[in-house]
Amino acid sequence: MGIAQYTYQGHALINAPKIHTDLLWDLAILFVGLSIVYFVAIFLFRNFLSTKSARTTKLKRELSPMISEFIFFEEDATKEEKRHYVNLKIEIRELLKNDFNRKIVSEILLDLRKDVSGSARKRLFELYKDFGLHSVSYKKLKSWRWEQVSQGIQELTQMRVAESYGFITRFINDKRPTIRKQAEIAVVTLKPEGLNYFLDTTKHKISEWQQLKLLEVVRNQPDYLPPSFKIWLTSKNKYVVLFALRLIKYYDQNDANASIIELVKHRNNQIKQEAIACIKTFHIAKAGETLKTVFWKCTADVKIAILDALGSLGCSDDIKFMQLIEKKEINFSVRSKALSSINMISPESILPSEGILDTGNYQIPEDIKPKKMQVMKSERTMEDVIQVNPEVLDPMTTIAQGDTAPSESSQENTEIPTPADAEALDGPEPSGEGPEIWTKNYPPVPEEILEMEIDMEVVPAAWEALDEDAVAEEPREPTETRSMGALDKIENDSAQGDGPSEDMDFDFSVDFLPIVKNLGDPTTLSEIEDESLKVETPLAGIPLIGGEMDTTASPWASDPIEGEAAGLGIRQEDLNFIPIVVENDHKASVAGGEKEIDLSEFEVTAQEVTPTPLPMSAEPILDVLGLEVDFEEIEASRDIPSPVETGPADILDLPVEMEGLNVPPAIMGKEGIDIWELEVVWEEIVGVDRESLWNIEVEHETLFAEGGIGDQELPRWILEEISGPSVPGKDQGGIKMEGPEWESKESKMIDELEAWIKLIPAPEYYENEIEGHMQLLDDIELFGDEREVPLLQELMEKEDRQVAQLRIRDIMSRFSGQSQETENDPEILTMDESRATYSIFEEFFRPCDTESKLILLDEIAHIGDEKELYFLERLLEDSEPRIRQTASKVLETLRERLSLSKTALEEADLVYDETDFDRRAAAGFGQLLDEMEIAPSIAPSIFDIGFELSEDFGGNGKSDTKPDGESLLTWFCPFSKKTKSKGNG
Amino acid sequence: MEKKKLLLAEDDELLASLLNFRLEKGGYRVTLSNNGKEVKEELARELPDIIVSDIMMPYFSGIELIDFVRNELGSSIPIIIISSAGNEENVLSAFELGANDFISKPVSPSELMVRVARELNKT
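Protein chains in written order, with our numbering: chain A, 1 to 985; chain B, 1001 to 1123.
Derived by calculation from the structure, the hints in this document are not laboratory data.
A few of these clues could be false.
[Stated by the list, open to error] A few chain A residues that face chain B, going by a derived Cβ cut-off under 8 Å, partial list only:
no.	residue
1	S68
2	F70
3	L110
4	D115
5	V116
6	P177
7	P347
8	I350
9	P352
[Unchecked claim] Calculated lysine to any residue pairs in the SDA-like style (CA-CA distance at most 20 Å, straight line):
no.	chain 1	residue 1	chain 2	residue 2
10	B	K1105	A	E107
11	A	K292	A	Y251
12	A	K889	A	L900
13	A	K114	B	K1040
14	A	K191	A	W146
15	B	K1025	A	Y224
16	A	K122	B	N1087
17	A	K249	A	I261
18	B	K1105	A	I92
19	A	K249	A	W296
20	A	K60	B	I1103
21	A	K114	B	N1121
22	B	K1105	A	T299
23	A	K140	A	R121
24	B	K1025	A	A277
25	A	K129	A	K79
26	A	K79	A	R846
27	A	K129	A	P65
28	B	K1025	A	E843
29	A	K327	A	S346
30	B	K1025	A	E81
31	A	K114	B	E1013
32	B	K1025	A	L900
33	A	K103	A	S119
34	B	K1105	A	A277
35	A	K103	B	I1103
36	A	K328	A	Y362
37	A	K58	B	K1025
38	A	K139	A	E107
No experiment lies behind these values; they were computed from the predicted model shown.
For each residue, glycine too, the CB sits at the ideal point set by N, CA and C.
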């Protein structure tokens, strides 16, 4: 036991600490509780999600046919369809009052937008706005959460809400990149000018992907007219410049060459590359120098781009530059590109060298030599070409350089390689014969020539026969070529003294024509020279199209010195029939003289034209006044007989200071007629003298019938007018108004005046004490409404004066029938009244087509009330005749119905209590819903209506307000609550 | 005149509903199937005058549907395929198997109507 205890104690040192069992239980319970809460939360959340999803799906299923109905509603639908459409519209408006429903409808429309195209998609966009869903997206734009804002922008963009353009533009420079990018796309999508605005205002980077998306948006815009993007090449934002360059290239806007060339010097490599790409695309040849200038400071990629551009638009002048690059550039890719660019300018100048075998030591049997030659041709190395004869790449270069003292190498280059050269290139020639050597630098001899067995006896004779024809022939149709073989041959000949002399001047000007000559004729070259000299220089400007001459086909070219084609045994004399095609660019090199035309050295015969000032006295001064003016004399109408008295115009008698006018004497004309002497025809107006009007004496007698208007009844001015006491000069012997005729007229006039005066209401003068009351009544009439009726009644009771009572009664009666009166007089509508005349149908009416409007009018006839009267009256002036006619009918019907209901109510002597009204209103509303085929129990939210559909039970033309001042709305509220509670069971 | 029977196989319920509405309005008796299984069942029950089917459908793709109709049922009823853009390979396969026409998404319902009418006129 003791041992055991000891043992236990010894073990106790490493045992776990004692934990209270209760604590463990507590912890266990806690974790179980937590896990339960956790699982319950998950369960509830999942349940919530699945319920929501199920609800969404269900709602989508319910709504999608409605949306389809809206999308495919057509103008030529039947009346029943249109009625259904209107009902659907009302129904969906009710549904959209619920946020969840609105969200679902919005989702449906956005989903469908992706799946449909054409007119259906357009209709979707319209529906989106018709349902007012864009306002929800607008709200999202105001959110502080970036994802909400982004979603809002996206929705507005996808549904093409162009009105949102202005709201979205402010996000273009938003600090949040997602919103910014979304806004950029939106701005470009919503309006064609959006791209301009974006490029003008953006301050941020435009990523490559964004550029692609923007370009795609722009590209897909129908009838998009791209602006001139060069205006953004000067932007401070390098990304805008880059994008503008890409757009310029895409839209082929080649009117910004100078700017593009300048952008090659941009420090940004991307811009540089894009500018180079533009240069290449638009073939801006004048950019060559700039490209060469910037080349050495560029990165490898840009260098490659430059070489590519130079290759496509460069000329032979650029080959040297590329050769220099090939020698000096350390980057392999650039060197390689330089060579390929050389080949682009001068095709096949540089041949493949990589992996080419050296065939110099091959022992080839004699009998298969022609085949071997083919092999050798394909096995030369690039070094052979470049190192040994670098400028054979393009002999044109040498010519174009215009070196007056060509270097040794250039001299070598211009020489046709001799067999010795070939030996130097290829090493020891096994056969020791020439044809293989030709292939070193010249295109190969066609196989058929090499392989054919030539009868040397027969051929020369045949060629001689052909020779004559060849000389007589027209020059061949030239094609683009570098016919250097022949020219080199000529030069070589001249060097050897075996042909044209060394000082032969080839500065001829028949540059555009290939020269076809018989080389066998020793005078050929001199003739060429002579003929060329005869031709005038103006022809020099005509471009040459030369035909390529296969130099290998002319055996003499390989060994002209010997005069015998090596390997073939053909003598030079035998090949005389072959024409020489001389290209204009080669003329200088052939001559060995001046190779480049220097314009400054042209002798110009000129005559200096110096303005020689004439002495001032001798210089004729143009005197305008001295000019002789030809004119046709205007015949004054002297001979025209005038019924009126004619005479010289008095105006001519006015004293005019002629000296000051400085009238030129020449203006007198050829015949010297003085305008001052012209006689002017004028008419003297002979009328009544002003004063004599007053001399008319009007004599009259004022007669008033008995009982007529007395002097005191007529206004004084009338009396004065009649008696005419103030007429001046009355007594000075004027016209006298006397006699029975005048008397009858006078009496008639007085009668008329009397009748008019009777129409003027007689002024009412109140006593001072009543004046205040009457003023109050006037104010009440002016500003009051039916609510003043109790006050008026009170006043009526207190008032004992008849005048005031009459006035009060008048005002009361007016207020009682106010609604009807005010409807007829829109000018006196107050705010409340205008609200009272607001018709819910008006809202539906506006966006509808004619057919729908007619249906709505039909509905108004059935369910409309007094509120619709004003609306219908306005429709009587609608531009559409059908609507006018229908509105007129509906107005009549509605008025009849309203008056009938009033009469019925009057007859029934209805007592209005709230309960009774509710009962009748419910019945009426139920009937109304039946008519509209709307089932309120299905969609309880229909009771959240924003407008009132009400039958007027007011009767008597009275307003909808209860006598205690409660409005219709206060009546309606308990009614709707009750009905709703009934609907919910 | 009896209405032509059209089988519309489309898994997107919204689009299916929309096209269904348009086709019914255009005078066709439309049977709607949301997946390949339903299509098979429907075909077993009654052969329509024309089939308009999406290529990508659950259980039974449009390609398989064409194969089923042409080879197993041995029917030559016109089949119009609906496919999203950039799905050329499937479209080519569909044509090889015997589809009569093809319309790409987004679908223009009016265009679909015209194509359906044309195919039915051919037969």
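Here's how the hints hold up against the structure:
Contact between S68 (chain A) and chain B, as hinted, is supported at the beta carbon level, the nearest pair being about 4 Å apart and thus within 8 Å. Residue-level restraint check for F70 (chain A) is violated (minimum Cβ-Cβ distance to chain B is 10 Å; threshold 8 Å). The beta carbon of L110 (chain A) is not positioned within 8 Å of any beta carbon in chain B (closest approach about 10 Å), and the interface hint is therefore violated. Contact between D115 (chain A) and chain B, as hinted, is supported at the beta carbon level, the nearest pair being about 4 Å apart and thus within 8 Å.
Because the beta carbon of V116 (chain A) sits about 5 Å from the nearest beta carbon in chain B, less than 8 Å, this interface hint is met. Contact between P177 (chain A) and chain B, as hinted, is not supported at the beta carbon level, the nearest pair being about 28 Å apart and thus beyond 8 Å. Checking P347 (chain A) against chain B by beta carbon gives a least distance of about 38 Å; that is not within 8 Å, so the hint is violated. At its closest, the beta carbon of I350 (chain A) sits 42 Å from a beta carbon of chain B; the interface hint therefore is violated under the 8 Å criterion.
The beta carbon of P352 (chain A) comes no nearer than 39 Å to any beta carbon in chain B, farther than 8 Å, and the hint placing it at the interface is violated. Between K1105 (chain B) and E107 (chain A), the direct Cα distance comes to roughly 19 Å. Compliance with the 20 Å bound is thereby established for this hinted pair. For a cut-off of 20 Å, the pair hint linking K292 (chain A) to Y251 (chain A) is broken: about 27 Å separates their Cα positions. About 16 Å separates the Cα atoms of K889 (chain A) and L900 (chain A), which keeps this hinted pair within 20 Å; it holds.
For the suggested pair K114 (chain A) and K1040 (chain B), the alpha carbons sit about 28 Å apart, so the restraint of at most 20 Å is broken. Using a Cα cut-off of 20 Å, the hinted pair K191 (chain A) and W146 (chain A) is violated, with the two alpha carbons roughly 24 Å apart. A distance of roughly 35 Å separates the Cα atoms of K1025 (chain B) and Y224 (chain A); the hinted pair therefore is violated under the 20 Å criterion. At most 20 Å may separate the alpha-carbon atoms for a hinted pair to count; K122 (chain A) and N1087 (chain B) exceed this at roughly 25 Å.
With a C-alpha separation of about 14 Å, the suggested pair K249 (chain A) and I261 (chain A) falls inside the 20 Å cut-off, and the hint holds. The straight-line distance between the Cα atoms of K1105 (chain B) and I92 (chain A) is roughly 28 Å, outside the 20 Å bound, and the hint therefore fails. Simply put, K249 (chain A) and W296 (chain A) have alpha-carbon atoms about 25 Å apart, too far for the 20 Å limit, and the pair is violated. Distance check on the hinted pair: K60 (chain A) and I1103 (chain B) sit about 25 Å apart at the alpha-carbon level, beyond 20 Å; violated.
Proposed proximity of K114 (chain A) and N1121 (chain B) is contradicted: the alpha carbons are some 30 Å apart, above 20 Å. For the hint linking K1105 (chain B) to T299 (chain A), the alpha-carbon distance of about 46 Å lies beyond 20 Å, and the restraint is violated. Simply put, K140 (chain A) and R121 (chain A) have alpha-carbon atoms about 23 Å apart, too far for the 20 Å limit, and the pair is violated. Between K1025 (chain B) and A277 (chain A), the direct Cα distance comes to roughly 55 Å. Violation of the 20 Å bound is thereby established for this hinted pair.
Using a Cα cut-off of 20 Å, the hinted pair K129 (chain A) and K79 (chain A) is violated, with the two alpha carbons roughly 25 Å apart. The straight-line distance between the Cα atoms of K79 (chain A) and R846 (chain A) is roughly 19 Å, inside the 20 Å bound, and the hint therefore holds. Distance hint between K129 (chain A) and P65 (chain A) is fulfilled; the C-alpha atoms sit about 19 Å from each other, no more than 20 Å. As the CA atoms of K1025 (chain B) and E843 (chain A) are separated by approximately 29 Å, the hinted pair breaks the 20 Å bound.
A hinted pair counts as satisfied when its Cα atoms are at most 20 Å apart, and K327 (chain A) with S346 (chain A) qualifies at roughly 18 Å. Taking the CA atoms of K1025 (chain B) and E81 (chain A), the gap is near 12 Å; set against the 20 Å cutoff, the hint holds. For the hint pairing K114 (chain A) with E1013 (chain B), the CA-to-CA distance comes to about 13 Å; that is within 20 Å, so the pair holds. Under the criterion of a C-alpha separation no larger than 20 Å, the hint pairing K1025 (chain B) with L900 (chain A) is inconsistent with the structure, at around 43 Å.
Under the criterion of a C-alpha separation no larger than 20 Å, the hint pairing K103 (chain A) with S119 (chain A) is inconsistent with the structure, at around 24 Å. In summary, the hint linking K1105 (chain B) to A277 (chain A) is not supported, as the alpha carbons are separated by about 36 Å, beyond the 20 Å threshold. Distance hint between K103 (chain A) and I1103 (chain B) is unfulfilled; the C-alpha atoms sit about 31 Å from each other, more than 20 Å. This hinted pair does not check out: K328 (chain A) and Y362 (chain A) have alpha carbons roughly 35 Å apart, beyond 20 Å.
A C-alpha spacing of about 23 Å is found between K58 (chain A) and K1025 (chain B), which places the hinted pair above 20 Å, so the restraint is violated. Restraint check for K139 (chain A) and E107 (chain A): satisfied, since their Cα atoms lie roughly 16 Å apart, inside the 20 Å limit.
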